[in-house]
Amino acid sequence: MASTTGNAEATPQVSDGVESEDGVRRRDFINIAAVSAAGVGGLVTLIPLISQMAPSADVLAESTTELDLSSLEVGQSIKAVFRKQPVFVRRLTQAEIEEAQAVPIGSLRDPQTLDERTQPGHLDVLVVMGVCTHLGCVPLGAAAGENKGEFGGYFCPCHGSHYDTAARIRKGPAPSNLVVPEYEFTSDTTIVIG
Amino acid sequence: MIRLVGILIGLGFTFVVLLAFVTGAYTWATEDVAETPEHAFHEAAHSPDGGFAFDGPFGTWNVSQLQRGYQVYKEVCAACHSLNYVAFRNLAQLGYSEEQVKAEAATWQVPGINPDTGETTMRAAEPTDYFPSPFANDVAAAAANGGKIPPDLSLITKARHDGSNYVYSLISGYEPVPAELTEEFPEFEVPVGGYYNPYFESLVIGMAPPISVDGQVTYADGTEATIQQMSADVAAFLTWTAEPTLIKRKQTGWPVLGFLLFATILAWFAKKQIWSDAKPKRRKD
Amino acid sequence: MSFPWAKEYTPQNGLMKFLDEKLPLPRLVYNAVGAGYPVPRNLSYFWNFGVLAGFFLVLQIVTGVVLAMHYAANTQVAFASVEHIMRDINWGWLMRYAHANGASFFFVVIYIHIFRGLFYASYKPPREMIWLIGVVIFLLMMATAFMGYVLPWGQMSFWGAQVITGLFSAIPLVGEPLQVWILGGFAPDNAALNRFFSLHFLLPFVIAGCVILHIWALHIPGSSNPSGVEVKSESDTLPFHPYYTAKDGFGLGVALLVFMTFVFFLPNQLGHPDNYIEANPLSTPAHIVPEWYFYPFYAILRAFTYDFILPAKLWGVLAMFSAILVWFFLPWLDKGPVRSGHYRPLFRKFFWFGLIPVMAVLFFCGGAPAEEPYVMISQIATAYYFLHFLVILPIISSIERPDPLPFSITEAVLGSDKKAVLGENAEPVAT
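Line order of the protein sequences matches chains A, B and C.
All residue numbers for the first sequence refer to this note's numbering, where the first residue is 1 and numbers rise by one.
All residue numbers for the second sequence refer to this note's numbering, where the first residue is 1 and numbers rise by one.
All residue numbers for the third sequence refer to this note's numbering, where the first residue is 1 and numbers rise by one.
These aren't lab readings, by the way, just hints derived from the structure by calculation.
Ideal Cβ positions, reconstructed from N, Cα and C, are used throughout, including at glycine.
Check the hints yourself; a few may be wrong.
Claimed, not checked - Within a straight-line C-alpha distance of at most 30 angstroms, the following computed DSBU-like cross-link-like pairs (lysine-lysine) qualify:
(1) Lys272(B) with Lys84(A)
(2) Lys313(C) with Lys232(C)
(3) Lys232(C) with Lys272(B)
(4) Lys22(C) with Lys7(C)
(5) Lys272(B) with Lys335(C)
(6) Lys79(A) with Lys272(B)
Said to hold, decoys possible - Have a look at the derived ranges for each label pair, beta carbon to beta carbon:
(7) His159(A) with Asn280(C): 20 to 30 angstroms
(8) Phe186(C) with Ala79(B): 53 to 63 angstroms
(9) Arg123(B) with Asn190(C): 43 to 53 angstroms
To be verified - If the Cβ cut is set under 7 angstroms, some of the chain B residues that face chain C in the computed set are:
(10) Phe21
(11) Pro48
(12) Gly51
(13) Lys74
(14) Ala78
(15) Lys158
(16) Ile247
(17) Arg249
(18) Gln251
(19) Ala267
(20) Lys271
(21) Ile274
Please work from the sequences and hints to get the whole structure.
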């Protein structure tokens, strides 16, 4: 390439390669192919280098949490761990359900009904992440005797966010309701989160 | 000057190492090194080939053999040997469904904590749990096994030379002390609590023959459980525990080598093409 | 660049022009490994190994950084964290096998690179500095490789650390305190494992720095070549790019084919089964050996078994370190005017029938058990090793009558012109 390319640039018509219409000499093709192959190889090498940082098999294996709710009494809550974060499960009392349903949707910062936040047929089982949507503190109210806030749900002590019995934000700086993770009932008393 | 010093240092080292050679050679020539039974009988015993499906560059797992091997591990080996680096969830690779893995895990007891009292207790294992150790700690393991800790088996086939065949040979290779050995080394004796096995480095192994009769395990798939069959199966299973990625590795290797070969051939032609105009001009006289 | 005909870098567009004024990195690359570096036109494939060594250094750094993201340097969990990499991390097995075998291939490539330098006497003036930096790089590589082998915390890791740091205890007076200081304890444990991890991470970057110095020093006189005749005119050289980039690209492809065969099909072939057993300070493996690339020096260490004035152990340690240190003095031990082994009949004989077989024997004996006859064989080989570098080389370089050299590299390539230029005394070149 070195010396002949110099000639080719000055006087393309006398270059010793066979010129095709788009100006690429046929003998250059093999070089382009070889460099492209090296490029492809380099790109493929990136796959393991990038995916090694994604969650590993043992982390993924712990990405679901199975909970047995058979011993969860009405009005009680349990704290569990889902993907290394706390998750709260509360069996709502009839009063709490009614209280939640009585709130006019339009008055909510993050409008959602209790029905939207629970599974069909299990209106009394409220599963939410125990992570305040403001800055990620763990709200109080799941354990017996803890401050449940002004609305009888959860209360985040960091910056004073109050959640109601459907764990919806009612007062304080948090922008949205406590997150309901994806979960499903595998039996009447068992849920699998994740 | 450097060369002079260098020559002197060189001759110095040579002199000292040759002194060592002369004394060593003298000792070697005058003293008989006694032949040991280990040397004569262990070295001669080359592990027979287990005929495994995963051998060779195109190997694959024989899933039903791995399942049988798991059964042998569970019913025989697990009484003494741990499998520390293997989790129950890994069993999915042996062709079990998620439900089967869960059910299988639940048949094992692992240490847990009573959530109400905080006392240590035993609970049914979950897929994310690792295989439990049969002994609480190394001291307990040694105490229960005549002072020797039964090794963890997760990596055993990688931790021994030609490991798969070694495990297969060792388990199926127990035999009475051969007559030639007693003849050659009359003082050789298998101590109490030891067993003769030509595939074990010191010829005497502390492990009683783990698989001693045909039919010791009843295979679910109806395979006849001969000693050879059970040994091969468990060796295959332990090869999998040592390197679950073995087959994926080989299967990834072929496209990589194929691509590299293609790219290298391209590089060869590119090099040839580029060098074609590199002939030097002749000197002008 | 020292050759006046070297091509000048000309920025092609505005951005490159801007860059060339503010930070002339493209110019640096162009002059270092681009078309601006004239290289002798007759380099053989043995000259590929420098670039290959650079490739394996980069590979080791990349895979090493990845492994360090998942490895835990604590004796309680180090072994398990390696197994975690092998089993659970996405492609972790590939990263680890590439790193472990990459170390071996780095040494394969470096040994060929070094022995190419020895045969063609590339260490002779004006290239002494390149050679000296190269020996420093080799020493750093050995330290890095040794500490890296400790990290998986297997049996060989532990006992290797024990034995190698034990070498320092042979030094009179300060030896034992020195060993305790290096380990941060009385046996390899957490303190040692952590500092080895830290240094194992640091040293490759020091090596990379030395490699830059090595290449810088190379660009002062330019590359050596198989004829050993210096470049005289433009017709003796070709620009590095595209000629040698193409040749190196092909060489890299071949090297990768061999390397990947090991990574994917024989990943544990070059390692030792005992390192898949977790470290146990109470039980030594029957047969401790270092990694294969240390075998020759390990054989020299073990060859000294006789207390002559000094204890045998100290002789062994001295000899082992001297075996590498002598390389530092080669430019002054081998004073002959001719470089290339092709034109040095006596040197060539000692190289092919002395040094190379002796190195092969030392490689073999270093991995063999410490029993007869291997010890006696390694003693003879060790004696020759020192004689070769310290006695034979200085002597033959003053008594040897070299074959006539070609007039120039161009003529070494063309061959046929040689007789016409040199007259009837010239003999065919043994290339």
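Verification of the hints:
no.: 1; hint: Lys272(B) with Lys84(A); in the structure: violated (58 angstroms)
no.: 2; hint: Lys313(C) with Lys232(C); in the structure: violated (51 angstroms)
no.: 3; hint: Lys232(C) with Lys272(B); in the structure: holds (26 angstroms)
no.: 4; hint: Lys22(C) with Lys7(C); in the structure: holds (21 angstroms)
no.: 5; hint: Lys272(B) with Lys335(C); in the structure: violated (38 angstroms)
no.: 6; hint: Lys79(A) with Lys272(B); in the structure: violated (70 angstroms)
no.: 7; hint: His159(A) with Asn280(C): 20 to 30 angstroms; in the structure: violated (53 angstroms)
no.: 8; hint: Phe186(C) with Ala79(B): 53 to 63 angstroms; in the structure: violated (38 angstroms)
no.: 9; hint: Arg123(B) with Asn190(C): 43 to 53 angstroms; in the structure: violated (33 angstroms)
no.: 10; hint: Phe21; in the structure: holds (4 angstroms)
no.: 11; hint: Pro48; in the structure: violated (19 angstroms)
no.: 12; hint: Gly51; in the structure: violated (19 angstroms)
no.: 13; hint: Lys74; in the structure: violated (20 angstroms)
no.: 14; hint: Ala78; in the structure: violated (19 angstroms)
no.: 15; hint: Lys158; in the structure: holds (4 angstroms)
no.: 16; hint: Ile247; in the structure: violated (11 angstroms)
no.: 17; hint: Arg249; in the structure: holds (6 angstroms)
no.: 18; hint: Gln251; in the structure: violated (9 angstroms)
no.: 19; hint: Ala267; in the structure: holds (4 angstroms)
no.: 20; hint: Lys271; in the structure: holds (4 angstroms)
no.: 21; hint: Ile274; in the structure: holds (4 angstroms)
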